[in-house]
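Q: Protein sequence lines correspond, in order, to chains R and H.
Each residue of the first sequence is one higher than the one before, starting from 1 at the first, in my numbering.
Each residue of the second sequence is one higher than the one before, starting from 1 at the first, in my numbering.
Please note that a few of the clues may not be correct.
One copy or any two copies: either way a pair holds, since identical chains are not told apart in the list.
Capping the alpha-carbon separation at 25 Å, the derived lysine to aspartate or glutamate pairs in DMTMM-like fashion look like this [unchecked claim]:
| id | residue 1 | residue 2 |
| --- | --- | --- |
| 1 | 83 | 108 |
| 2 | 307 | 106 |
| 3 | 307 | 154 |
| 4 | 83 | 103 |
| 5 | 85 | 106 |
| 6 | 32 | 103 |
In short, the hints are calculated from the structure, not lab data.
2 protein chains.
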Amino acid sequence: MRTRFSLQLLALIVTLVQCKSNCGYQSCHPIKDGYINVHLIPHSHDDVGWVKTVDQFYYGTNNFDYRASVQTIYDNVLKAVQKNKQRRFIYVESAFFWKWWQEQNESERNQLQQLVNSGQIEFAGGGWSMNDEAVVNYQSVIDQMSWGLKKLNDSFGDCGRPKAGWQIDPFGHSNEMASIFAGLGYDGVILGRIDYEDKSIRLENRSMEMVWRGSRSLGRQTDIFTTTLYNHYDAPAGFCFDILCEDSNLVDDPYSPEYNIDVKAEEFISEHIKDSIKSFQTNNVIVPMGRDFAYQEAETWFRNIDKLIKYINNHETFEGKKYNLLYSTPSCYIAAVQKQSKGILTSPLKLDDFFPYATDPHAYWTGYYTSRPTLKRYERLGNNFLQVCKQLFALAHLPSEFEPRLDSLREAMGVMQHHDAITGTEKETVAYDYARLLHIGINDCENVTSEALSYFTNIEANDFNTCLLTNISQCALTETHDKFVVTVYNPLSRLVSKYVRLPVNGNSFSITGPDGNNVHSQILPTPIGIMNIPSGRQTSASLELIFEAQDIPPLGFKSFYVQKKNGDDVTREDLSLDFSYFNGKGVGFTIDPSTGLVDSLEMNNVLLELEQKFWFYNGSDSFMDFSSKPSGAYVFRPDTLSPIKKVSDTAAFEVYRGDLVTEVRQTFSEYVSQTVRIYANEKFVEFDWVIGPIKTEMNWPSNGKEVISRFTTSLNSESTFYTDSNGRELMKRQRNQRPSWNVTVLENESSNYYPVTSKILIRDEEANLEFAVLTDRAEGGSSLADGEIELMLLRSCVTDDQFGVNEALMEVAYDLPIVARGSHYVTLGNIESEPTIASIENEIATQKLLDSWIFLSVPTETTFADYEKAHPMQFSGLKKSLPQNVHIMTLEPWTKSSYLLRLEHVFEIEQDSTLSEPVTVDLKQDLFTSFELKSIRETTLGANQWLKDNKRLNFKSAFQSDEEDLSKTKRSNALNNEFSVELKPMEIRTFIVEVVSKL
Amino acid sequence: MRTRFSLQLLALIVTLVQCKSNCGYQSCHPIKDGYINVHLIPHSHDDVGWVKTVDQFYYGTNNFDYRASVQTIYDNVLKAVQKNKQRRFIYVESAFFWKWWQEQNESERNQLQQLVNSGQIEFAGGGWSMNDEAVVNYQSVIDQMSWGLKKLNDSFGDCGRPKAGWQIDPFGHSNEMASIFAGLGYDGVILGRIDYEDKSIRLENRSMEMVWRGSRSLGRQTDIFTTTLYNHYDAPAGFCFDILCEDSNLVDDPYSPEYNIDVKAEEFISEHIKDSIKSFQTNNVIVPMGRDFAYQEAETWFRNIDKLIKYINNHETFEGKKYNLLYSTPSCYIAAVQKQSKGILTSPLKLDDFFPYATDPHAYWTGYYTSRPTLKRYERLGNNFLQVCKQLFALAHLPSEFEPRLDSLREAMGVMQHHDAITGTEKETVAYDYARLLHIGINDCENVTSEALSYFTNIEANDFNTCLLTNISQCALTETHDKFVVTVYNPLSRLVSKYVRLPVNGNSFSITGPDGNNVHSQILPTPIGIMNIPSGRQTSASLELIFEAQDIPPLGFKSFYVQKKNGDDVTREDLSLDFSYFNGKGVGFTIDPSTGLVDSLEMNNVLLELEQKFWFYNGSDSFMDFSSKPSGAYVFRPDTLSPIKKVSDTAAFEVYRGDLVTEVRQTFSEYVSQTVRIYANEKFVEFDWVIGPIKTEMNWPSNGKEVISRFTTSLNSESTFYTDSNGRELMKRQRNQRPSWNVTVLENESSNYYPVTSKILIRDEEANLEFAVLTDRAEGGSSLADGEIELMLLRSCVTDDQFGVNEALMEVAYDLPIVARGSHYVTLGNIESEPTIASIENEIATQKLLDSWIFLSVPTETTFADYEKAHPMQFSGLKKSLPQNVHIMTLEPWTKSSYLLRLEHVFEIEQDSTLSEPVTVDLKQDLFTSFELKSIRETTLGANQWLKDNKRLNFKSAFQSDEEDLSKTKRSNALNNEFSVELKPMEIRTFIVEVVSKL
C-alpha cells in the first residue's frame, strides 16, 4: 500500500511540474545592456493555400509543384524544440495548427502543452489564417481572428494567447487591421512588406518602428506598436537551413575541411546585422529565421542556430561591437524594445495606411485588389451567409450537434481571408479549391439554417433550399414549381426591405405576404449579359420575377407564398423616345440616345451630368528587364506606350420600364454589357455589369486586358478621393501623393490605385457635392483625374508577374475565359444635408454587406390559407429595431451555455451630427425574443480574454501630443454584468453572454 | 530516509527497464501464415563520399550540388523511431554513425541505446563504409568491417552486432566478400545490384534468393544466404517521402480532397508486391523503404509507412490475396525466410561471383575497375602502411595516447573502401578529399611508426621521414643530404629482400648494412616517363640510387647507412647490339630492335615469344539513345564503329644494364612510356608504365581515350583466363560466357572485362604453361583473344555516363591531365612444376601487397662506427619466419590489454602439393619477441563476438549434395587458450590475445 501511494504521489508531482506554466514575458531570454541584442525568431510562413491547396500544403501532396508539407513542420518542430530549452518557435496559422492538433494523440498534445506553458512555443498572429488587409471586410477578419484564438484558448488556455501580430506577408497594411490588433489586446505587430520607397526612407530615418494609430475615430486606444522587418521575412541570405534552400550547414568542428562557422558568423554580423541596427529604435534587432514552409527540417534549423548563437556569443566583439544573439519571439522582441525605449519612440505617430505596396518603381501590387473578382464576391456571400447562419443557430438555440456544420463555414471563411485566397493571388486550381471549400461550408451551414427555420416555420428542414446561382438567373426550384414559398431572413438589427428577384418559367404570378395581402410583382426578361455565359448556365428560364419583401423584422424573417397564374405580366421593351428614368422618389438617370450612355444622374435633390463607360488597360506583358514589369495576379501595370483603350464609345440598349424596377440594358461589346437600374424604393442607381469572356486568343501574344468602369463628372475633386478601410473608416487619398513621404511616381495609373473594399467617393467641397460608388466586393479603384472614379472589374493577364504564382492570371470556367457579374451602387448628394449623404451610403453599404437571405421551399399545402395555418410566416429575433448607428455585428454560439455578442457603432466621428454621437443600447430591455441574457462579461475583440485582464504594453511617439483628449480615445471600462452598453463612433465591443432559451 | 530509498529504488527500476535488451530475432515483428508478408525496411543509403565529400555529406554543406546532411538523418531518425514502438530502422555506415555519436550528449546516446536494445534500430552491414567488392583488397575489407563493428560493439554491446550484410549499392559482388560475411558470422546478405540479364532470369526462376558459397577452398563454412532486392534499393516508385523526392504524402482523411490512401495502397500492392512475390523463396518479400540520403525527413517517411501498413493490414484482401505489411530489418527478413523455408532453398547453390555488372546490354560497369588509378594505388599504399603502423604499434607496445593517430589511418582506410571512393566513381574534388584524408591518416600514423622505431633504434622520433613521392623520383631528404640512414621495415612473417630506390643528387654512394659490410649499389638516371609530369614534380634530382636490402627479418627491420662519396657509378646508356636482357637467375626478356617492343620473356626455364604494346579504346561519348551508352566513371564502353586504336607500333628505347637492375626504357608516344626491368634477385619482369597526360583537347569533341597494355602470346588459352577475387582466390573467366546463365553479348570488350585486384593469368593446359600479370593496384582486365592479356591503365572520358557522378572522368593534376605510373609484374612458368608457378606468383603478390616500408633519417653521427654504436640497426618481431603458406595477416592493438591477431593460410586448395596442405602454427613457441601471449580467444572474423557464441542461421540449397565432405568444409572449433593454431587452405582465424610486454 505504502509503495503504491508513493508512486501515485510521484506521478502527481510529475504532472504538476509538467503543467506549471511559465509563459509570457517572464519566459523571454534576457537581453543584455551594452550589447546589440539580436532576436532570432524561428518561424515558418505557411500559406493557407497558394500554389497548392490548403490540404496539399498540409499533407504534402502535389510536391512536384511545391515541396511542402505542413504536418511535417509541426511534427518536426515539436521534437526539435524539446531538444534544447533555449529554443523558441512561433506558430502562426491556426488553421494548420488545428488540423495537426486534431491528428495528435495525448502524448504529442502533452508535449506541445508543456512547450507552450514554458514559452518555448508561442502563438503569433493566431488567426485562422494570416489575413489579407486590402480586400477583406473587417467582419470577416474579426471572425477569423476570433475563431483561431478560440481554438488556441480551448487547447492551451492563457499560454496559448498571442501577444503580437505577425503580418509578415500581406501586400500592404490597413488601418482597420491596426485597429483590430489593438482591439485584440496585442502589444504590437510585425510587418514584412512595406513600399520600397517608404522603407528606404524609414531605414534612413530610424523609423522602421513606430506607433501606428488604427482609427481616427477611436484614437489612442487603437494605437499599436509596429515594426517592419529589415529584410522581408526570410532568414538572412546564406542562413536558410531547410529542404527548400541550399545553404551550407554551419560546421564548428575545427578539424573538418568544411569548418565555416568563423566565416559565416562574420558574414552574419557584417552583412545582416551591423547596418540594420541603425534603422531600429533600440539596441534590439529582430531577425526572422525562416521562410515559406520552413522547418520541414526543424532540427537542422535549430542545430545551426544553436551553433551560430554559441559562436557569436562566445566571441567578444565584431568590429568593436558586442553582440548577444538570443532565441526570441515577436512578443519578446516587442517587450525588449519597450523596456529599452521606455515606450517612447523617436519616430512620428503614423496615421495613414500602407497602401499601395510597391516592390520597385514599376511593380505596384494593385492588381490583386481586383484579381479573381468572382471569388472575391463569393467570399462576401460567404460572410453574409455565415452571419445569417450564426444568428439563426443562436436564435433557435440549436443543440451542439449542429456546431460542426457551422464550424465548416467558419473555417472556410477563415481560409478565405488568407492573403493568397481572397486576393486572387493563387493558382487557378487552388482558386477552385477555395471555392469548393466555401461551397461545402455554405452547404453545411444550410443544414443549420434549415434546422433553425424549420423550428420557426414548422417546415421540414430538408425542404429548404437556397439558390446561389440566381446571379446567372438559375434556380431549379423556382423554375420548375408552380408554387413556392420565399422566406426572407434579415440579419440586420433593424427593419429592411428587399427586392427579391428569381428566375421563373411563367408569365404571371400571385404573391401573398404573411399578412395575407397580395404583393405586387413584375416580370422581366433575363438580362443580356448573363446570356454571354457559355455553358455554365444550365437552365431554360428566360424570365425573372421581381417583388419587394417589405419590412423584414430585425434578425427575423417573412415568408411569401408564390403561385403561378394565368396571364401575362411580362414587362416588354420600352420603345418610347423618353430617355429619362426615375422612380417615384426622385432617384433616376438619363441616357444619351445617340450614344446609349448614361449622361446624368439625379437623387437627393441633386442632378449631376456624368458619363459612364468601360475601358481596358493593356496589361504589360514585359518582364525582360527591371523597369519592365508585367501585369499579373499581384501587380497591375499597364503597357508603357499604350496604357488604356476604350471598350466602346457607344452602347446599344434596351429599356424595360416598370413600377418596381426600371432597367436600361446596354451592350458595349462582345464581352461587356451592363444594366442600369432603379428600384421604386432604393436610394441608389445600380450599375449591374457583366464582363467576359475576354478572349485571350484575340490579344495573345500582345498585352492583357484589364477592364474598368469609369465614371466621369465635372466635380472639382482637387486630386482627392476616398476609399474605405476594410469596409469601415474612410481613407483620404491624394493623387500622386502619400501622407508620410514625397512619393516618386513613375507609374501614373497603378501607383494611384487603392483597394476599394466597399466604397469609393469624390467630393466637390465648393459645390457641396459627394459622388460615391459602392461595390459588392473588393475592387481596385482610383480617381485618375478630377471628377473621375474608376473601378477595375476583371483582369486577364498574358504572363505571370514573377512573384511566385508562376501562372498567368487568365481565369477560365467551362473551358472559356470567365464571365464576371457585379453591381455598383451609385449615390449622389450634398455633403452637408439631412440626412447626410454619408448616412445614406452607410445604410446601403450595411444592407448590401448583410443582405437579406432568401430561402425557398415548396409548400405541400395547396392553398395559401392552408399554408398559413400550418406555418408561421414571420419572426423577429429582436423586440425592436436598434438605432440606425448601432448594429449587432456578431451573434453566435460560443461555449456550451454562452453566446458571443458584438455590438458595433457603424458611424465615424463627424459623419453625421446625430448618428456620429455615442449611443447606448440596453441589452436586457431591448433585445432578444428567443433567449434571455443571464450574465454578460466584456472581452477583448477576439473574445479570448476578459477585457479587464488585458494590459497592453505602453508605447507612444515622442512627437505625440500629451494634450490628446484621453477621455475620447480611452478604451471604455470593461462591462461586467451591466447590460447597458455605450458605444462611441466606430467602437466595437465584445461580450460573452450566458443565455437561457425562451423557446 | 525511507522516501529517499524508495526514489532511489525507483530510479534503479527505471534504469533496469530502460536497459533491458530485447534485440535479436525475438524483437522481429511476427510474420503471418496465409499472408504475403511484406517486410518494409526503412533505410538510408548514405554514401561515405560521392558527389560530395564525406564531411560535406555529413554536415550538409555544399547543398547546392546535392541536398544532403547525414547528421540530420541521424538526428531525425532518432526522434521518429521513438515515436512509435512498431517502427524500425537500420543504420549501415559506421563512419557516419560514429561521427554523429561523438557529437551527441548522454541523453541522445541513451535514447539510441534503448532503441538498439529493443531492436527498433538495427545495424546492418556495419562496416566503416559499404565497401566496394571489385577493386578492394580482402585485408582492407576485413579491416574496415572490423573497425566499424568494434565501434558498434564498444557503444552498444551485443545488440549493436549486425546479423546481415547490406551490400545494396556496390556494382557487382565478389566471392571473397561472401566469404567474409560468412566469416563475420552473418546470417545472410542483401544485394541491390546484379546484372540485368542475370536478374531477369532469376526473377523468372524464383532464384532471387540463393545460398552462395564464398570459397571453393573452404566450402560450406563460407556459404551464405543471399537475397537480391526486387527493384534496387529505392522505395517503390511513388512511395518516397523525403526531401529528395516529390511523391505525394499518403492521406487517409476521407474528408480531404487529397485523400489517396485507397488508390496508393492498391498501387503499392499491384505494381510493387503482387508480382515480386513470385520471384522469392517464401511468402516473404523485402521492400526497402529509402533511397540515397533518405530520412532527412524521417518522421514523414514513418508517418506515411504507418498509414500504409494500417490501411493495407485493415483491408481484408487485394485481388483475393491477404497481405501483412510489417516494419522489418534485413535480419528479420532473413529469419522469416529461414523459418518458412526451413532453411532449404529451391534455387541452385551459387559458386561464381557477380561480375561484371551491367544495367543494360550496353552499359557494363567495368570502367570503374580502372577509374582513378592513382587513387587506387594510393589506397594500396595506405593499406601497406596501415599494417606496418599497426604492427609497429603492437611490437613497441606503445601507450594508448598514440591510438588516435593510428585510428586516423584506420578510418581513412575505412572510408577508402567505400564503393564510391576506391572505385573512382566520385567527383574530382571528392577524389582529392579522399586523397587528403588518406594523406592525413598516413601522416598521423607516421607519428606512430616513428615512435615505435625510435624505441627500437634510439633515433629521435621526430627524425624519421617517409618519402611517398619516390614514385615521381622526389625525396627532399635523400636529395639534399650527403649522409642518410635507410631503415627498411618488413611487415611479412618471413624474411624478405627489397630493392630500395631513392632519388639522389650524387654520382656515387657508399652503403653500409647492419653487419658493417658494404652494400653494393647502382645509380641510374630517372626514368623518362616521370619527366612527363608537368609541374607536380618539384625536384632537381635526375638520378636514382638502387641497392638491395637483403633478408629483412620478419616483422622487423634493418638499417643502412648511406654516404655520398667521390666517384661516378652512374649506369650509362647501353648502345650495344645485344637486345637480350637477363639476370643471373635466368629471368629476362628480349627486345625486337626494329620495333623497340619486347618480343620474348624467359624465366623458370620457360621461353615465351610475346608482344607487349599499348592501345587505347575510343570511349563512346554517345548518350542519345538507349543503345548508345557513353563511357564514364562507372561504365567502360568503346565506340561502336572504331573501338580501339594502337598508341604506336614501335617504341624508341634506351637501355641501362647493371648488375642489380637492367632497364629498357621505351617511349611509345607523347603520353605513353614504359620501363621494362629485371632485378638480379627477382623472379619477374617488371613493366613500369607511365601514362599521361592524355590531352583531351586533342580529341574533344570526339571520343575519350582509355589506355591499355596488351600482352600477346601464342598460348592456347581456350577462351579462358583467371582473375583474383579481392587479392585471394582465383576466379575462372570464360570469354562471352557466365557460369550461371547463357549471356547475351552485345558489347564484346566491356562485357568480358573483370576486376583484376592483384592478378590475371592465362594457361595453355596442353603446353603446361601459365602466363600471369600481377598488378600494384586494381585494374580492369581481360583476355579478348586466346593468348592475350590486357589491362586497362588510365581512362579519360569526354562525357559523364549518366549514373550520378554528373562529371566526365577527366582527371587533372596541376592544371593538366593526370599522369599515372604503375607496375606490372610478369611471371611465366610451367603449371606443373616445383616450386609451382602459383607459389611464385603468391610470393610476389604478398610481397608487393605488404612491401617493406622505407623510413629515412639523417644521422647526427659522422661515421658509421659512431652511428652503429648508438643505434641498433636491426630488429626482428618474430623469433623465426613462419612457413611460406601462413601469414600474420593482422597484428594490432585492440583493447587496453589485448591485441588483435589474425593468421591466414595464403594458399588455395590444389595450388601446390605441399603448400596447399593445412598448416599449424604454435603461437606460444614460435612467435613474438617483444611480448608474451597470456591468453588467446578465438572470435569471428570481425572480432566482435567469441567464435563459440556465434550460431548462424542454417541455409542450404535443395540441389546441394548431402555427401559433401563436411569435415573439410566445417569451420574449425573455436580456440580458447590453445596456442597451436591449425589453418586450412584460405582459412583466416581471428584471435584476441592478452599480452604482456617483454620490452
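Q: Would you list, in rising numerical order, the hints stated earlier that this structure does not obey?
A: Checked against the structure, the hints that fail are numbers 3 and 6, while the rest are satisfied.
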